[in-house]
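Enquirer: Make a model of the complete structure from these sequences and hints.
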Amino acid sequence: MSEQLINVVTFVCGFCHTNAQQNVIKASNKFTLFFVPLFSFSTRYRNECTHCGGRTALTAAQVAHSMNSPARVPGQ
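So in my numbering the end of the sequence shown lands on 76, straight run, no missing numbers.
Just so you know, these hints were derived from the structure itself, not from any lab. Among these hints, one or two may not hold up.
[As the list claims (entries may be wrong)] Distance ranges between label pairs, derived from CB positions:
| no. | residue 1 | residue 2 | range |
| --- | --- | --- | --- |
| 1 | Asn68 | Phe35 | 32 to 40 Å |
| 2 | Ala27 | Asn68 | 20 to 28 Å |
| 3 | Ala20 | Ala61 | 17 to 25 Å |
Bear in mind the structure is a predicted one, so any value in this text is a computation, not a measurement. We put the beta carbon where it would ideally sit given N, CA and C, even for glycine.
Expert: Here is the structure:
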């Protein structure tokens, strides 16, 4: 499994109720052959609070919506 930080947004966390940065993370399972990754067969997205570590599953549409947020990961 590989994980990639897609975006960083700021809003009130549903777990700790703190206005904190939230990491939008893409987690992919890849099929490998002799340790060479060939293709992804499962992709999931999640939101992770930087204050409390609370995690929430996201849909691809929610991730696309988060990309319209003004706070973005540098270089993305």
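Enquirer: Now tell me if each hint is right for this structure.
Expert: Tested hints:
{"no.": "1", "hint": "Asn68 - Phe35: 32 to 40 Å", "verdict": "holds (38 Å)"}
{"no.": "2", "hint": "Ala27 - Asn68: 20 to 28 Å", "verdict": "holds (22 Å)"}
{"no.": "3", "hint": "Ala20 - Ala61: 17 to 25 Å", "verdict": "holds (23 Å)"}
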